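Going down the list, the protein sequences come from chains B and W. Take 1 as the starting number for the first sequence in my numbering and just add one per residue. Take 1 as the starting number for the second sequence in my numbering and just add one per residue.
Honestly, the hints are just simulated from the structure, not real lab data. All values reported here derive from a predicted model rather than from experimental measurement. Hints may contain errors.
As the list claims (entries may be wrong) - The following label-pair restraints were derived from C-beta to C-beta distances:
| # | chain 1 | residue 1 | chain 2 | residue 2 | range |
| --- | --- | --- | --- | --- | --- |
| 1 | W | R111 | B | L86 | 44 to 50 Å |
| 2 | W | Q127 | B | L317 | 43 to 49 Å |
| 3 | B | S188 | W | E176 | 49 to 55 Å |
| 4 | W | A26 | B | I128 | 53 to 59 Å |
| 5 | W | P36 | B | P9 | 43 to 49 Å |
| 6 | B | F321 | W | R108 | 51 to 57 Å |
| 7 | W | R108 | B | H37 | 55 to 61 Å |
| 8 | W | D112 | B | P35 | 51 to 57 Å |
| 9 | B | R8 | W | L12 | 28 to 34 Å |
| 10 | B | L279 | W | D116 | 51 to 57 Å |
| 11 | W | Q127 | B | L279 | 14 to 20 Å |
| 12 | B | L305 | W | D116 | 15 to 21 Å |
| 13 | B | R8 | W | D112 | 29 to 35 Å |
We treat Cβ as the ideally placed atom computed from N, Cα and C, and that holds for glycine.
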Amino acid sequence: MAAAGPLRPFLARAVPLLLLGAVAAFPLVFTKPFPRHLMIMIFLYGALATAWNILAGYCGQISLGHAVFFGIGAYTSTLLIREAALSPWLGMLAGAAIAVVGSQLIGYPVFRLRGHYFAIATIAVGEIIQALVINWDWAGGARGLFVPIKRPDSFVNFQFHESKAVYYFIALGLLLLALGVTRWIEGSRRGYFFRAIREDQEAAASLGVHVAREKHWAIAVSAALTALGGTFYAQYVFFIDPESVFPLSLSILICLVAVLGGVGTLWGPLVGAAVLVPLSEGTRVWLGGGGKALDLLIYGALIVLIAVFQPGGLVGLAGRFRRT
Amino acid sequence: MMLEARGLDVLLGDYQVLWGARLSVAAGEIVALLGPNGSGKSTLMNTISGLLRPQAGQILFQGRPIAGLPAHRIVGEGLSHVLERRRLFPFLSVRQNVLLGAYSPAARATRDDQLDWVSDLFPVIRQRADQLAHTLSGGEQQMVAIARGLMARPRLLMVDEPFLGLAPRVVDQLTEVIRAINRGGVTVLLIEQNVERALALAHRGYVLESGRTVLEGRSEDLLRSAEVRRVFLGG
Numbered sequence: 001m002a003a004a005g006p007l008r009p010f011l012a013r014a015v016p017l018l019l020l021g022a023v024a025a026f027p028l029v030f031t032k033p034f035p036r037h038l039m040i041m042i043f044l045y046g047a048l049a050t051a052w053n054i055l056a057g058y059c060g061q062i063s064l065g066h067a068v069f070f071g072i073g074a075y076t077s078t079l080l081i082r083e084a085a086l087s088p089w090l091g092m093l094a095g096a097a098i099a100v101v102g103s104q105l106i107g108y109p110v111f112r113l114r115g116h117y118f119a120i121a122t123i124a125v126g127e128i129i130q131a132l133v134i135n136w137d138w139a140g141g142a143r144g145l146f147v148p149i150k151r152p153d154s155f156v157n158f159q160f161h162e163s164k165a166v167y168y169f170i171a172l173g174l175l176l177l178a179l180g181v182t183r184w185i186e187g188s189r190r191g192y193f194f195r196a197i198r199e200d201q202e203a204a205a206s207l208g209v210h211v212a213r214e215k216h217w218a219i220a221v222s223a224a225l226t227a228l229g230g231t232f233y234a235q236y237v238f239f240i241d242p243e244s245v246f247p248l249s250l251s252i253l254i255c256l257v258a259v260l261g262g263v264g265t266l267w268g269p270l271v272g273a274a275v276l277v278p279l280s281e282g283t284r285v286w287l288g289g290g291g292k293a294l295d296l297l298i299y300g301a302l303i304v305l306i307a308v309f310q311p312g313g314l315v316g317l318a319g320r321f322r323r324t
Numbered sequence: 001m002m003l004e005a006r007g008l009d010v011l012l013g014d015y016q017v018l019w020g021a022r023l024s025v026a027a028g029e030i031v032a033l034l035g036p037n038g039s040g041k042s043t044l045m046n047t048i049s050g051l052l053r054p055q056a057g058q059i060l061f062q063g064r065p066i067a068g069l070p071a072h073r074i075v076g077e078g079l080s081h082v083l084e085r086r087r088l089f090p091f092l093s094v095r096q097n098v099l100l101g102a103y104s105p106a107a108r109a110t111r112d113d114q115l116d117w118v119s120d121l122f123p124v125i126r127q128r129a130d131q132l133a134h135t136l137s138g139g140e141q142q143m144v145a146i147a148r149g150l151m152a153r154p155r156l157l158m159v160d161e162p163f164l165g166l167a168p169r170v171v172d173q174l175t176e177v178i179r180a181i182n183r184g185g186v187t188v189l190l191i192e193q194n195v196e197r198a199l200a201l202a203h204r205g206y207v208l209e210s211g212r213t214v215l216e217g218r219s220e221d222l223l224r225s226a227e228v229r230r231v232f233l234g235g
């Protein structure tokens, strides 16, 4: 890199601040819905992949069932609106709490498995939960649930029909929360235990790391953050069904986003989202229904390239250039 | 007795590896655990440290039963286990690897003193503090692994094959450090393939064969024993 000497620490502080400023000013400059929608999706997927990364990237437990927590968040807040007319903000917290409880119940049996078997088991859990919800008539079954539209826009109701700007900042907040939590874990003792488990579970256990407890911590934090995203999605789209919030494809997409950007790094998941989301939205817009699977084809190719040439993801790639 | 294991039966899946194995270690000793490949040495050590659960048998550590306790509890009791092939965290730095050894609250309280002590024992920890563990040589990695085990302030240190794949000069060096650790008040139990080298270091030895403890004795007696020769060379 060209920057050297005293310029470098200055840049290290200035660049993130400038970026944050640019991100904050974005909705003022771009007033059309589409660019705002694009950014909201980047923030949402960035937040989801960042949450996933805590369990999978730092603690090494590759989950392919994170849609479960997303769905729990979406369904909890929506059902609480229907049954108790509760503000989605409280529903969001309730969703996160239920996701944490659910994650502990899921973790208890599933953490006994390792590596590929763990990943396969999380797929099975995801499929089971989706099947259960499809057949749960009280929760809308396969028909799904509508979030009752309330006008005018209000913060308490978490509904903003006039402009996407508020959603933009809420999604940004979720992303910053996920990044902040990750950053905090990264520097904490617990973060080192997570990484020790990822690198060598037996060696960690032999040093006295309570492996089971640390894994349960990792999945709890990851599930809670994922559930927040689920509630956001429900309040953004106003319709949820098992196909949209519990699908395996969502679990895999969350994983792909993080893998593309760089697993086990702070910024990787966000970078992955910033690349994949425009790709997917772009092919959807430019090619319409006919190009439906093209984004998946491109994802697939990207993942293969990343796996072969740069397992550290795009962030790892950047690191490689910096060193040379 | 610092450590006493009796009648241990251990299965790996459906396969029974240990058949009533026993072993005891007195405070202040260096004890070698010997035996041919596949005789169950590592399995015995893994059972003592709680990585495996025995089907039957008793393990007493400082008079308290520890069989079946999870590994993290046993470390807290004062028993450290340095695994075979060192098992460092390859993409963490040397310093991070060593500090991860001080997991228990008791060890954390005196972490800095302990770090000074192990850094004096193994200068490599200071020299290569920020280097990633996988970039070290085999001997250096072994030293970091032992240092990591010592960070838990163990009364008993168990080391599985510390000399595996090391150059003779490094082996001599490591032998001296293990003696120094022992003089510092840490009881040592180690596994080693080379009988003469192990018994030159240890006060006493146990010989395992097919999962049973077949011989025990003082090092000088075992060195002269025809039975030891039979176990290792067959016949």
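Now the hints, each set against the structure:
Separation of R111 (chain W) from L86 (chain B) is about 47 Å and conforms to the stated range, judged on CB atoms against 44 to 50 Å. A hinted range of 43 to 49 Å is violated for the C-beta pair Q127 (chain W) and L317 (chain B), which are about 31 Å apart. Distance hint check for S188 (chain B) and E176 (chain W): the Cβ-Cβ separation is about 38 Å, which falls outside the suggested range of 49 to 55 Å. Distance hint for A26 (chain W) and I128 (chain B): a CB-CB separation of about 54 Å, consistent with the stated range 53 to 59 Å.
Distance hint check for P36 (chain W) and P9 (chain B): the Cβ-Cβ separation is about 59 Å, which falls outside the suggested range of 43 to 49 Å. Against the hinted window of 51 to 57 Å, the Cβ-Cβ separation of F321 (chain B) and R108 (chain W) comes to about 39 Å, which falls outside the hint. Evaluation of the 55 to 61 Å hint for R108 (chain W) and H37 (chain B) yields a failure: the beta carbon distance comes to about 48 Å. Between D112 (chain W) and P35 (chain B) the CB atoms are about 53 Å apart, so this pair conforms to the stated range of 51 to 57 Å.
Taking 28 to 34 Å as the suggested C-beta distance range, the pair R8 (chain B) and L12 (chain W) does not conform, at roughly 53 Å. Checked against the given bound of 51 to 57 Å, the beta carbons of L279 (chain B) and D116 (chain W), roughly 53 Å apart, stay inside it. One distance hint, 14 to 20 Å for the beta-carbon pair Q127 (chain W) and L279 (chain B), is violated here, with the actual separation near 47 Å. As the Cβ distance of L305 (chain B) to D116 (chain W) is approximately 48 Å, the hint placing it in 15 to 21 Å is violated.
As the Cβ distance of R8 (chain B) to D112 (chain W) is approximately 31 Å, the hint placing it in 29 to 35 Å holds.
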